[in-house]
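Enquirer: Quick mapping for you: the protein sequence lines, in order, are chains R and X. When we follow numbering that gives the first Met the number 0, the leftmost residue of the first sequence carries the number 0, and every step to the right adds one. When we follow numbering that gives the first Met the number 0, the leftmost residue of the second sequence carries the number 0, and every step to the right adds one.
The set of hints was computed from the structure by calculation and includes no laboratory data. Mixed in with the good hints there might be a few duds.
Said to hold, decoys possible - List of simulated lysine-lysine pairs, BS3-like, C-alpha gap at most 27 angstroms:
#1 20/X <-> 122/X
#2 474/X <-> 137/R
#3 211/X <-> 140/X
#4 101/R <-> 421/X
#5 82/X <-> 284/X
#6 137/R <-> 140/X
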Amino acid sequence: MPLDESAALPRIREIIADHQALEGPLLPILHAIQAEFGHVPQSALLEIAQALSLGKAEVHGVMSFYHDFRAAPAGRHVIKICRAEACQSMGADKLADLLQQKLGIGWHETTADGAVTLEPVFCLGLCACAPSALVDGKLVGRLDEDTVQQIASEVRA
Amino acid sequence: MRIYVPRDAAAKALGADAVAKAIAAEATRRGLDVQLVRNGSRGMVWLEPLVEVETATGRMAFGPVCADDVAGLFASGWDQHPKALGRTDELPWLRAQTRLTFARVGVIDPLSLADYRAHGGLKGLERALEMDAAAIVEEVKASGLRGRGGAGFPTGIKWDTVRQAAGPRKYIVCNADEGDSGTFADRMLMEGDPLTLIEGMTIAGLACGATKGFVYIRSEYPDAIEVMQAALDVARAGGVLGASVMGRGPAFDIEVRVGAGAYVCGEETSLLNSLEGKRGTVRAKPPLPALQGFMGRPTVVNNVISLASVPTVLANGAAAYAALGIGRSRGTIPLQIAGNVKHGGLFEAAFGMSLRQIVTDLAGGTASGRPVKAVQVGGPLGAYLAPHQFDVPFGYEEYAGQNALIGHAGIVVFDDSADMLKMARFAMEFCAIESCGKCTPCRIGAVRGVETLDRIAQGDTSAMPLLADLCETMKAGSLCALGGFTPYPVMSAVTHFPDDFAPMKEAAE
């Protein structure tokens, strides 16, 4: 369901006010807004810009620089598969291919029903139990074909 | 009965939470009074979740334990169970280490100040409080401690620059943006013994005249973020941090900041821009961050392990630390053994071990059982080493002599199924994805690098000199290590594994 941006404004202003006294408050504000709404709504950019005496383009520039911040909501489930070297050494590429095939989407895509978003991640620090993934915030180590199949069916259920 | 189940992210990724839950449930069912401690990991990741039971004769280890084992462990009286490994501190992997920085990781409750003190914590800070700033800096200089993030710059010299810089407000910034594949020492330390990092940063604050610290942790480490934040509350409540350090020093406090998925923010000037709320682009140096860092003020930027090694240096003296190691690489280094290995994990040892010892003796060879083909040391910007280089001792200069780097001491092993042309292409692709865009050799070079490697893969031999030339340009012309060091994995793959670049050429001829 799309976010009613005008209804979200009071909460956005509250989040900005909560963080404004920090030294360098922009990233903490963007994180807090995304934690609340699942993405950073357009209307927040202007609010942040005004509160921090920045241009809206500047805020957009910061937000779009970082991989974490989303301009639109993700699917109901988010799967992040590690693509970095240690996981590759244990066959992560093949597992990622399998998952893409099972879900019918590529990197950075969301299934048409809005159920799943698939994203690459470059290292979760689980390199001694590779390959690894982050499924809805839960870490999974030693991925294999069975666990990938299981993850794919759980998120489509 | 006290039982330890790690809360380390790797242990959790292998089911530690379910094991902890099963133990609590089984204890209730049997009417036993069990105190469950969520400790850090002992670093033997192949044995995770590693459960420990405290007994009169020491802690006994069991692993790898899954939730289904729990009822059986209780029923068998533990010791007779097939998952029993014996006394933890007698396990060969632990006995062979020199654990200084990681002395308490896996041993203590990470959020207990009493436990921390009982295991030697705060001794370094207590001593620092009796010294003047210059003397603390001298001690760190004398220890020979160098930046463990990879650059290897002497920590004491950096501190001295900040100490002598004029300014009403100075900062200690801890770089916990551990993005290199194959590395997890920062994560393990923050999750297993966060108070050591807090103590190290506080000592840095005393030495440099800084009153504020930041720990910049990557967002990919939610567990480390949670533990660090809780540990800061513990340190404040215990009077370690606050208006007066330990109730008798100057003010010092620390704030956790969370990154947002940009690898380049592990570079110190990008990190500072990110902390300030800007795009994480690299700054040209000079000015040095030590003089004009966070908000233009004098700032120490140190890696987690550099700062976490300071308490042991102060507690036991610089000489004891400097007595370990080889050449200009003094002290210990937490080796992170990862990738295609039988026994992966963290092993802290004095500098000087050979890769052969690490890969054969410690790691036990590959997990797949196939021969080792290549080892990447130092993350995605580190060189691939071939078996003929495996006798080089682990040290900053020793690796530089091989056109390689130790970086943050991540060691990723590949078996003979690895395609080194593909790995070289990945290095360029990763650089293209993560480039901050500030300098041309990195921003454009990485994209051209991918294209050039694709040409080579299709059999275009004329692209080989072009690739070497491009790597030279990136190495010499990039502003930071991202563009500047990406040539290491690429050219080491070309140099040491020419066969992976040759068959296509032959086919084309």
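Enquirer: Each of the hints needs a verdict: does it hold here or not?
Expert: Results for each hint:
no. : hint            : result
1   : 20/X <-> 122/X  : violated (35 angstroms)
2   : 474/X <-> 137/R : violated (38 angstroms)
3   : 211/X <-> 140/X : holds (22 angstroms)
4   : 101/R <-> 421/X : holds (24 angstroms)
5   : 82/X <-> 284/X  : violated (54 angstroms)
6   : 137/R <-> 140/X : violated (42 angstroms)
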